[in-house]
Amino acid sequence: MSQPQFDRAIDRSHMQVADEIAIQISNMNKWYGQFHVLRDINLTVNRGERIVIAGPSGSGKSTMIRCINRLEEHQAGQIIVDGVELTSDLKNIDKVRSEVGMVFQHFNLFPHLTILENCTLAPIWVRKVPRKEAEETAMHFLEKVKIPEQALKYPGQLSGGQQQRVAIARSLCMKPRIMLFDEPTSALDPEMIKEVLDTMIELAEEGMTMLCVTHEMGFAQAVANRVIFMDQGQIVEQNNPHDFFNNPQSERTKLFLSQILGH
Amino acid sequence: MAEIAPFVRHEMLPAEPAPASEAGVLHWLRANLFSSPLNVVLTFAGVFIVYWLVSHSAPWLMHSVWAADSLGECRAIIAERWGPDATGACWAVIRDRWHQYLFGFYPWEHIWRPITVFALLFVAIAPVLFSSVPRKLLWFTLAYPLLALWLLWGGTIWPEVMIAAGFGIGALGFMLGARFGSLGAISLGTLAAALFWVVPAAPLEHALAAMLPIGLPEVSSDQFGGFLLAVTVGVGAIALSLPMGVLLALGRRSDMFLIRALCIGFIEFIRGVPLITLLFVASLLLNYFLPPGTNFDIILRVEILVTFFAAAYIAEVVRGALSALPRGQYEAADALGLDYWKAQRLIILPQALKISIPGIVSTFIGMFKDTTLVVFVGLFDPLKGISDFVRADFAWKGIYWEPYIFVGCIFFLFNFSMSRYAMYLEQKLKRDHR
Ligand SMILES: Nc1ncnc2c1ncn2[C@@H]1O[C@H](COP(=O)(O)OP(=O)(O)O)[C@@H](O)[C@H]1O
Ligand SMILES: [Mg+2]
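Going down the list, the sequences are from chains A and B.
Quick note, the first sequence lines up with residues 35 to 297 if you use the numbering used here.
Quick note, the second sequence lines up with residues 67 to 500 if you use the numbering used here.
If you're looking for bench data, these hints aren't it; they were derived computationally from the structure.
Idealized CB from N, CA, C, for every residue including glycine.
Any given hint could be a false lead.
FRET-style restraints, in silico, Cβ to Cβ [as the list claims (entries may be wrong)]:
1) Thr121(A) - Gly444(B): 36 to 46 Å
2) Pro182(A) - Asp321(B): 37 to 47 Å
3) Leu186(A) - Glu175(B): 51 to 61 Å
4) Gly194(A) - Lys494(B): 24 to 34 Å
5) Tyr487(B) - Pro182(A): 49 to 59 Å
6) Asp321(B) - Arg161(A): 37 to 47 Å
7) Asn481(B) - Ser220(A): 44 to 54 Å
8) Gly194(A) - Ile342(B): 52 to 62 Å
9) Thr121(A) - Phe246(B): 15 to 25 Å
10) Pro416(B) - Lys180(A): 21 to 31 Å
11) Gly194(A) - Phe246(B): 53 to 63 Å
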């Protein structure tokens, strides 16, 4: 896969990482029936941290980040998001979900609503924000992702890249403290990948806590504090991007990098 | 290899009309009727069938008689005018008995009541059918069922007022329960309404009726008949079966075992049993189970079972649409923090119902036609109940086609309107949600 060049690389040197903990996953295990899909996951994410998760297809990356907002249920261990532990308690789940934004590979916009309605729906119905205020917020974020002029169109009228930017804006309208991205650019044509990554970089620059499953290694090098490599449901290696790419330790990581970077 | 001659166009050609063979009537005929030997054969066969139908029915229709007092008189007029062997339609029966086809045996001096109810029906459904109608009218839509109930059956107005009050109290409970989430709102609302209806409603109603006997003369259910009966049962069942079918479809996909099992059991039972059986159940069996002396109106019973019947079919139509929606829609709604009922109402059902419009309307049309089956429990449906009654009169004994054609035309009018509306709605939604 190619490595897009970015206009802005982030100067991370003077950016201090807050030591407040955003997500704490300890000894988390998950099974699909008899299939042990996640094995003993331990991961601590500090507030403001930007983590890229890589790994071969089927290694459990999606499952892991979907456990963080309980789209999937874990069977053992502990997940604490923003100080709230995820159990079967619906109140906690709703609380966590309204604090955690998620962007999907296939955008998952609501096709029967306009772009603006897509963005205002959750603030109005979950956060009980007055409609007018919700619309102002929505326009603010649509401007941020550079498509305010599409506000009254329907998702089907937009290109893939535009749809994914709307999906990002829709999540941001809930003013989340954590953003999860599950391969946000994998379903896009090459010329649209950059516009979505630019949006994500901008978000990273503002200090959003981000977990991104992605194969865009250029993005990882530009914005990540940490890269996590997963295989067979386990975290195999984690390191800062520089060392991760230049000095991978495990054989699996080396093999994966050689495949994905096409050397 | 041949050398390529360079070419540059200097003058652009103007557009010209297509040759006659590509446009006009002749072209249309050739393309649509005579494009292949098989098509030619089919065209001639079709023309022959149309000719045969018209040649047999046209004289009968042209010899129609409108003014007569009996079938015998009709025949005499036809024989006198068109010769002894001529046949002709005797529409005089419709002219004589149209009010029974439309209203059954509803007392004639009160006939303004069903007519008003029917006229108001259009006012009530307008805001539901067309989004350009002012939303305020929806309040009238909500009040309409009770108004119709009172106008049609008469009696004092207090039972209807009690029902409305129960809904009001339920709404109050719903708003109070809203702080405990959707489930809290629904349970508290239902509980409040049920409690009101079970405990204070009946004594209150009697007291009010004694003090203020505002009301209309009562009309009993056995005086209903014809299209009044069909439309009462049909419209009621349409309005009730849609929400019930949607709830059944959601229940059938629920994670909760008990709810899922109940919904599956209900749907499969109702779909597995003929409607006539259910109607017999309505008329006979319920009498055994209810305490003796309870007056459980026959139309209400039929209404309930026809509603159940339609709801089971609608549930399956809607379930199909629900499973056709991509999983991502559910996940996006969850990820945004919408709870189950909000996700269903705002995200899932609007899309699922749009997909299921054709299936739902088919179910409605089938159900409306099936209302004629109430004849089997002694009610006077327009098709057989009223027609048999009319034929029992010596004057109209032996009349056969004319009532059926008349009733068929009216059914067609209703059903075709429903079908056209569904097409309009589909087109409109398609335009909205590109
Ligand atoms: N709903 C499910 N039921 C059973 N197995 C599943 C389900 N979802 C994913 N899996 C399996 O779990 C493994 C991890 O999947 P996933 O997390 O999607 O991987 P990745 O995102 O890393 O490609 C895969 O082997 C996949 O087949
Ligand atoms: Mg995945």
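These are the hints, each one checked on the structure:
A C-beta distance of roughly 59 Å is found between threonine 121(A) and glycine 444(B), which places it outside the suggested range of 36 to 46 Å. Range check, proline 182(A) to aspartate 321(B): about 40 Å between beta-carbon atoms, so the 37 to 47 Å window is met. For leucine 186(A) and glutamate 175(B), the hinted distance range of 51 to 61 Å is satisfied, since their beta carbons lie about 57 Å from each other. Between glycine 194(A) and lysine 494(B) the beta carbon distance is about 27 Å. The supplied range of 24 to 34 Å therefore holds.
Tyrosine 487(B) and proline 182(A) have their C-beta atoms about 37 Å apart, which leaves the hinted 49 to 59 Å range violated. For the hinted restraint 37 to 47 Å between aspartate 321(B) and arginine 161(A), the CB-CB distance of approximately 26 Å leaves it violated. Taking 44 to 54 Å as the suggested C-beta distance range, the pair asparagine 481(B) and serine 220(A) conforms, at roughly 49 Å. At roughly 54 Å, the beta-carbon separation of glycine 194(A) and isoleucine 342(B) lies within the given 52 to 62 Å, and the hint holds.
Separated by about 19 Å at the C-beta atoms, threonine 121(A) and phenylalanine 246(B) satisfy the suggested range of 15 to 25 Å. Distance hint check for proline 416(B) and lysine 180(A): the Cβ-Cβ separation is about 29 Å, which falls inside the suggested range of 21 to 31 Å. Between glycine 194(A) and phenylalanine 246(B) the Cβ separation comes to about 41 Å, which falls outside the hinted range of 53 to 63 Å.
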